[in-house]
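Number of protein chains: 2
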Amino acid sequence: MSSQKLKIAACQMKVVPGHPDINTKKIITCIREAKENGDDIIIFPEMAIPGYLLSDEWENEAFLVDCLSYNEDIVHASGDIMVVWGNVDIDKNHPGEDGRIRRFNTAFVAQNGEMIGKFYKTLHPDYREFDDDRYFYSARKLAQDEKIPIKDFLQPLQTEINGKHRKIGITLCEDMWSQDYSISPIDLILENGAEFIINISCSPWTWRKNNKRHQVVREHLKNHPVPFIYVNNIGIQNNGKNIFLFEGNTTFYHPDGSLYKIAKSYEECSLRGSIFSEEKEVHENPLLSKKIDHEELLQGLLYGIKNFFKSIKAEKVVIGLSGGVDSSLSAYLLAKALGPDRVFGVNMPSQYNSEITKDIARKLAEKLGIYYAIIPIQEAYDFTEKQLESTQFESLDGSEDKINLELDTLDKENIQARDRGGRVLAGIASALNAVFVNNGNKSETAIGYATLYGDINGALAPIADLYKNEIYSLCRHINEIEEKPIFPKKLFEIPPSAELSAEQNIEEGKGDPLYFPYHDKLFRAFIEFRLDPEDILEMYIDGSLLEKLKIEEGVIETYFENNEKLILDLEDKWRKFKISYFKRIQAPPIIAVSRRAFGFDLRESQNGVHFTRRYQKLKKRLLKID
Amino acid sequence: MSSQKLKIAACQMKVVPGHPDINTKKIITCIREAKENGDDIIIFPEMAIPGYLLSDEWENEAFLVDCLSYNEDIVHASGDIMVVWGNVDIDKNHPGEDGRIRRFNTAFVAQNGEMIGKFYKTLHPDYREFDDDRYFYSARKLAQDEKIPIKDFLQPLQTEINGKHRKIGITLCEDMWSQDYSISPIDLILENGAEFIINISCSPWTWRKNNKRHQVVREHLKNHPVPFIYVNNIGIQNNGKNIFLFEGNTTFYHPDGSLYKIAKSYEECSLRGSIFSEEKEVHENPLLSKKIDHEELLQGLLYGIKNFFKSIKAEKVVIGLSGGVDSSLSAYLLAKALGPDRVFGVNMPSQYNSEITKDIARKLAEKLGIYYAIIPIQEAYDFTEKQLESTQFESLDGSEDKINLELDTLDKENIQARDRGGRVLAGIASALNAVFVNNGNKSETAIGYATLYGDINGALAPIADLYKNEIYSLCRHINEIEEKPIFPKKLFEIPPSAELSAEQNIEEGKGDPLYFPYHDKLFRAFIEFRLDPEDILEMYIDGSLLEKLKIEEGVIETYFENNEKLILDLEDKWRKFKISYFKRIQAPPIIAVSRRAFGFDLRESQNGVHFTRRYQKLKKRLLKID
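These protein sequence lines map, in sequence, to chains Z and X.
Using the UniProt record's numbering, the first residue of the first sequence is number 1, and each one after it goes up by one.
Using the UniProt record's numbering, the first residue of the second sequence is number 1, and each one after it goes up by one.
Note that these hints are calculated values from the structure, not bench results.
Some clues are possibly wrong.
One copy or any two copies: either way a pair holds, since identical chains are not told apart in the list.
As the list claims (entries may be wrong) - Here are the simulated lysine to aspartate or glutamate pairs, DMTMM-like style, with alpha carbons at most 20 Å apart:
hint	residue 1	residue 2
1	Lys-521	Glu-547
2	Lys-367	Asp-401
3	Lys-617	Glu-72
4	Lys-167	Glu-552
5	Lys-402	Glu-315
6	Lys-290	Glu-557
7	Lys-35	Asp-73
Looking at chain Z on its own, in the form it has when it is part of the complex (with noise of 0.2 Å):
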């Protein structure tokens, strides 16, 4: 008893979302051994029973029983070791504000076989993927209810520890991410005397995040400096449109803010580290680097498909091969995730695709040592055309009217992407009791350049949150990690193209039309940094444009011989991405790895266009016009 030292085992543990019984075999697995290593405490993620992103679910009063029920099992197992996790809370004497079962996201602590407290969430994400006060109840709302200041409200748990009565500061999630909020429950809980602080999260990757997190620590412990435990948790969670990452990057922090320690990335363990103890490890800062943002996509992308195909117990993967960009990275990943025999790679020419791509598209499958077949689309193309253009419609009005259909380019270009999307792919995936995936990138998915029923369709699209500059490199990133390169030098000299018309022939250099250094950082300052044309002519008038979006010098140049053409251009994309949301609506989940992916993620609404009466302006004085 004479050390002050508590030993600590953070568990970063796989989250299954919707499993409570899964995830309390786990949990008491790990106390299980947390006991024979002589842990004092053993800390769990936000959630770690329930799983966080459950959607509505959170009103299904049986199963919120179900999962309160598994808390007797932990406190049961506790013992004489504190045990820290997450669960949800309901409240049956009070009902929530959507009239069902009050529910509350709650850090529970159990010691020697007891309940001994529980803390509700104070503050409430509701942006992105976050939807926390549709599901929860804060203890903000619940401390304005009690008519008690939120200071008083957020008081550290007090219990004895090996003999030492400690303070102890337990707050969930977004409580450490208070910068945008009125208050700051981690330094409220700390001017009540919090002696080290448990952060306990279920917090999804996004790209450089981590680092955030580091700097955010480090403030709140300038004034206050205690140790500070992060515990998140691995695994993937959904909400449907999108599948996000957990990568875990539990952490222990010394009172200065400095790394103590930190758990692999997407690996499942606990975390062992003392505090109050004299220990002095520090773990390195990570560094910040493209090379190192690269690893951390490439990654989570593995990770993420894999893991996605577990949870739908698919065993077999089907996938378009064009001999383009896109369809190859795809088909890399799927065959590093999942492994090369689970993989189905499908060529489908029709008269339009070049020997090239044929070509790529083979020499790549032969690369992965995936399964390949060729299905040209050609016959059943020309029957659907003939049918379609002997089909007349009569009115039966009376009138005796009638129409005969005519198919015009864009309408047969249209028919080869579902004959190869609707017809073939998901004929293969249903032969082989498999799946097939949506090769589409976030450039195209921004302007709805992809056929509905066609290369939409998918039950995942791994990749549709990459800018097509980013899928290049990406790839250029992989084959330099790659023993020999995987993308053939081929790949990066043709223009992308579709290939559905003699207008989008490679071999006259001719493909999709967009300007990718200029299209892909006009699309993220929609998408991600929500800015409108008015935000874009602003900047390109007062000069930051390139800065700003990060566009490369003479980019701008190379495309727009003038302001009109730049407005046209402008005005053709707003219009294309409000638009194109229709095609949205119907396409598949896509693992988010931006600030902001399609989906779940980005919400958007049929609303049609509108251009601001400023842009209306801005615009008039560009083109000098009265």
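Start from chain Z and add chain X according to the hints.
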């Protein structure tokens, strides 16, 4: 000036979401008319300028500033009439909790060319289609930040009208629906001396909601009898996955809560009434009956279809006519809403389609006077079958392993469905520059009894919020109200069937594997009541199942010979309900008419299936397993 009377115009305008220019133009016109009419006050709905269901467009700051700029036009137009309207307000000095600009759902008030007040919404709904806390900062949070008790915060507007000082309680939508909240803004503002209440709303139609509202108002006025004016918009608004109907039902209430005036549903108008007058006109309390429910449902669906196609600028619509009840109802609704000359019916027989249904399809098209064509799919189907069955995959891993494709019955059924939806209907719609519809019903949608990229395709699912029995029931209602019956008797006699194989031969009385009199009620329990299989078993055991789910006597016995069969089916349907979400992710927008529609009204995750511990216990008890 002797009269105390106030003449009020309640403007039930059609709000076009995302188009502040269009909405403001209408507002200005109505203000002009009200001035000519000598009104004292004119009131517009909640979010009359921007619209309400804008999804993440609320993050577009240029759009917000644009919306706000239209306030000036209204203030300028106000003159000596007092104007109350809904718009978004922003606070550039404080961030929203999403780190973007802080926004408020606001009621603005102008008079004599000046802005004289603004009131923020206090209660924020975050259920079903509502996401107020995602988008707006509430008066409640503001009061907590400013450390002001909420009652002190909610003060009436004080102003002079016709030389008399007035205290007016101005509230927004949910502020009156406070039964599940810990505070009641209406009651507090009445306690603070409001002489009458204005509630501006953007409140979608749902089953019997208006009657419920009349009760709620009476309850509020019980202790504080004052005039109450409820102003709601008409139109449709959407969140992509769902289309919501706004019928208006703008209402003046007498101080005793009785009805004074009610605007007609879906009609744009300025409803005029006088308060503090001798006017004793009483509007009858609306009746409740199944017949009225049918009328409202039909009116809503027609309004929704008409306005949806208008909003997406679709002139023509293509519909597959199978001769079954779902497509028949769908075709009727389209012809009625859009006019028969805009509807193109297509019958797409294979070898499995009976003469009976082909005949029904043709006769229905004749009755409706729409365009019609027959496009057989057998030849295309046979080609696909042959092509797939002759396909061989070779493994390119060096093993020379080969895999041939084999099609089972289900594979073959799905090929037919995809041929119809993905090849024929999509091809025709494309050639006609039209869209096509999905004819699925809610019962099928609940368990994914439909083919993805086949009959699930479409730009709109007009009847996917109606269970199979509601489809029949609405068809009967239509037959009653139309001069001559639309739907032939035969349609009600044949079993519902997909007619995709010999196993679904209606001439042998075979059809879909669903017991609609039972399953419709079971699905409603899952979807709308949010019940779990545990609850179903619990009710079954305690004998309350029939009553609680409104299942008819004898139905259970008809379909299930013993408890084991019932349990098998219950687990099968729960599993299918959960798993089939993967199809709904890619399904088209649904017009919401129930208390919970699939789409973004009921939010789901792909999390597989879970049975609670209590369910397992009840099951064992029922099957007498130890």
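How the hints compare with the structure:
no. : hint              : result
1   : Lys-521 / Glu-547 : within (11 Å within a copy, 59 Å between copies)
2   : Lys-367 / Asp-401 : between (58 Å within a copy, 16 Å between copies)
3   : Lys-617 / Glu-72  : between (65 Å within a copy, 17 Å between copies)
4   : Lys-167 / Glu-552 : neither (54 Å within a copy, 60 Å between copies)
5   : Lys-402 / Glu-315 : between (50 Å within a copy, 17 Å between copies)
6   : Lys-290 / Glu-557 : neither (27 Å within a copy, 66 Å between copies)
7   : Lys-35 / Asp-73   : within (16 Å within a copy, 70 Å between copies)
In summary, the structure is inconsistent with hints 4 and 6 from the numbered list given earlier, while agreeing with the others.
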